[in-house]
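Participant: Now for the letters of each chain:
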Amino acid sequence: MVEARATSGAQQGRAVLSCHDLTVGYGTRQVLDRVSLNFAAAKWHAVVGPNGCGKSTLLRALAGLHGVRSGSISLCGRPLSAWPRRARARRLAWLAQHAGITDLTGAEVVRLGRLAHGGWLAARQMEDDVAIRRAMVATGSWDWAERRLSSLSGGERQRIYLARALAVEAPVLLLDEPTTHLDPPHQEDVVRLLRAQADGCEVCVVSAIHDLSLALAADRVIVMGRHQLIGHGTVHEALAGGWLSAAFETPIDVVDYKGTHLWRPALDP
Amino acid sequence: MFGARGTVSTPRAAVLANRATRLGAANGMALWLMGCGVLTLLLTACSLVIGTSSIETSWHWLWMPDEQSAVVLWQIRLPRTLGAWCVGALLGLCGATAQGLFRNPLAEPYLLGTASGAALGVAISLIAVDSTIGELAWAGRLGLTGAACIGAIGATFLTIALSRGVLQTTRLLLAGIVVASVLAAATSLILLTKPDIFRAMQTFLLGSTAFLGWPSVALLGSVLGICLVPGLLWSRGLDALTLGEDTARSLGLSLPILRLALLGMISLGTAATVGEVGVVMFVGLMAPHVVRETLSVNHRQLLIAAPVCGGALLQAADLLCRWIIRPAELPVGAVTACVGGAYLVWLLWRRNRDA
Chain A
417 MVEARATSGA QQGRAVLSCH DLTVGYGTRQ VLDRVSLNFA AAKWHAVVGP
467 NGCGKSTLLR ALAGLHGVRS GSISLCGRPL SAWPRRARAR RLAWLAQHAG
517 ITDLTGAEVV RLGRLAHGGW LAARQMEDDV AIRRAMVATG SWDWAERRLS
567 SLSGGERQRI YLARALAVEA PVLLLDEPTT HLDPPHQEDV VRLLRAQADG
617 CEVCVVSAIH DLSLALAADR VIVMGRHQLI GHGTVHEALA GGWLSAAFET
667 PIDVVDYKGT HLWRPALDP
Chain B
4 MFGARGTVST PRAAVLANRA TRLGAANGMA LWLMGCGVLT LLLTACSLVI
54 GTSSIETSWH WLWMPDEQSA VVLWQIRLPR TLGAWCVGAL LGLCGATAQG
104 LFRNPLAEPY LLGTASGAAL GVAISLIAVD STIGELAWAG RLGLTGAACI
154 GAIGATFLTI ALSRGVLQTT RLLLAGIVVA SVLAAATSLI LLTKPDIFRA
204 MQTFLLGSTA FLGWPSVALL GSVLGICLVP GLLWSRGLDA LTLGEDTARS
254 LGLSLPILRL ALLGMISLGT AATVGEVGVV MFVGLMAPHV VRETLSVNHR
304 QLLIAAPVCG GALLQAADLL CRWIIRPAEL PVGAVTACVG GAYLVWLLWR
354 RNRDA
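Protein chains in written order, with this note's numbering: chain A, 417 to 685; chain B, 4 to 358.
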């Protein structure tokens, strides 16, 4: 784990995860059509777009969970499919949009994030315990370590799932809607957490995010339209190019309030 | 960062609290297992004493065994109750594994068609025993146990083949249902054409612990030992599976390997039990539920507790079926079906009231 982080640190700014001409579909439906993207270490990438445009599919394909029709994905300079299962699971953590509700305790769920680390030896166990505690404290879920997941509220559960993904301590973090079920202050916390993962731990964070104001706080945005990729670049490029309006096929008004980009809903007639 | 909101207590206090509750949970499990162990010992003692002869004689036998009573106690009653425990334990283990594997609380060990396959095997071998047809003579030589095992394992293979591999659990479940009904229909056809084997088939279909001897105990015990290995090895995999198949895969788990290993284990376990005692309904379904109702467990704990619970359940059922209509006996499968069915209905009603 440590050496994986060191290499990702060394190639800061270079792509840890990239896809080239990626085509993915379900049955007769083509969801992604020849998409090429690069995801850099120590950067937070937000994937935005209308419902059903393939944000989740993109993340699932990047995580190796969805069959690829054509094109290639590479992780840390090696084709994704060439990685051994467990080695890949140590380098790439994926958070589901909807995860199952179980009778396991919070700590047991977070410990599953260490499954690929093979904690048989005592030293490994210690490492696992430290990682689990760090992830749970970071997401503020440490107090529910011994509670059953089924007895927690949706937001509390979401923070346990997030801690599960963080506990992998992977250099690439793929998160599908990490802010769902959370109240505004906790959404704020998640955003700050993602920023800290990118800036402090030099993790390559890729997250699909519904809330435009939160998404525009990212380093880079990937804007997906209903039929094709609209653009991939910095927030300024996205705003200057009018990518959001193009993606949602309706005018999207973003205001600049003291350096923060905020989406303003057009409510007045 | 979340700490700023004051939701996190100091790590040290949390570690201490964590350790305290952990200990509590472990103690709960230990206490539960100890309770089950004591219950098992009690049931074993009762099984030695209660039989077709009167209790007074049996007590007398225990203290001062003569030659005849020693045979009854150690060659008939002890292997029978130990065998019943092993069968219950295997069914509990296979049931808990099936429920975890299919992520469905209604899954049970027979859902791959093993019971119907075994029944068909037995029917064929019963015909073959007194058959003059040369082609079927080999089946007669295998014996009922062997025929049941082959039928059960064959049905599992058929199910996996019909679902075209182990990629989708829904397809597996459906294939299991199809295989079970087709094989049951085939068995019924055989029964229609050969009514003279009807009584023997009935004993098998209702399940009976009456024929368990030491060789059966040795076989069942070793199968239980073999089946525990993959179960415990993949118990964290089953835990991961509760979060969803995609999450489990993203954690580096190979679902086809996990499914093949656990399906193999389930079919081996059920084939052994069906071969030895016939079809015993509801124990495999009930044991994991009893554990989950009384204890909150992860899969490693469940796969240890469910066999212990299932063993005690079947011992109790075995005792009941010998006790109710003394000196005659009820088939043990009928007792488990009644008691298990009643328990499930009660569980359902209780859940509804809570909701």
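These are computed hints drawn from the structure, not numbers from a lab.
It is possible that some hints are incorrect.
[Stated by the list, open to error] With beta-carbon atoms standing in for the labels, derived distance ranges:
#: 1; chain 1: B; residue 1: 236; chain 2: A; residue 2: 550; range: 39 to 45 Å
#: 2; chain 1: A; residue 1: 599; chain 2: B; residue 2: 350; range: 54 to 60 Å
#: 3; chain 1: A; residue 1: 468; chain 2: B; residue 2: 164; range: 34 to 40 Å
[Claimed, not checked] One-sided and incomplete, this derived list gives chain A residues near chain B with beta-carbon spacing under 7 Å:
#: 4; residue: 479
#: 5; residue: 485
#: 6; residue: 487
#: 7; residue: 502
#: 8; residue: 520
#: 9; residue: 531
#: 10; residue: 542
#: 11; residue: 545
For glycine and all other residues, C-beta sits at the position ideal for the given N, C-alpha and C.
Participant: Now tell me, hint by hint, if it's right for this structure.
Facilitator: Structure-based check of all given hints:
Between residue 236 (chain B) and residue 550 (chain A) the C-beta distance comes to about 28 Å, which lies outside the given range of 39 to 45 Å. A C-beta distance of roughly 35 Å is found between residue 599 (chain A) and residue 350 (chain B), which places it outside the suggested range of 54 to 60 Å. Distance hint check for residue 468 (chain A) and residue 164 (chain B): the Cβ-Cβ separation is about 37 Å, which falls inside the suggested range of 34 to 40 Å. Given the 7 Å rule on beta carbons, the hint for residue 479 (chain A) holds: about 6 Å separates it from the nearest Cβ of chain B.
For residue 485 (chain A), the interface hint is violated, since its Cβ never comes within 7 Å of a Cβ in chain B; the closest pair sits about 18 Å apart. Hint status for residue 487 (chain A): violated, given a least beta-carbon distance of 20 Å to chain B, over 7 Å. With a least beta-carbon distance of about 4 Å to chain B, the hint placing residue 502 (chain A) at the interface is held under the 7 Å criterion. Contact between residue 520 (chain A) and chain B, as hinted, is supported at the beta carbon level, the nearest pair being about 6 Å apart and thus within 7 Å.
The beta carbon of residue 531 (chain A) comes within 4 Å of a beta carbon in chain B, closer than 7 Å, and the hint placing it at the interface holds. A cut of 7 Å between beta carbons decides the hint on residue 542 (chain A): the least distance to chain B is about 13 Å, and the hint is violated. With a least beta-carbon distance of about 10 Å to chain B, the hint placing residue 545 (chain A) at the interface is violated under the 7 Å criterion.
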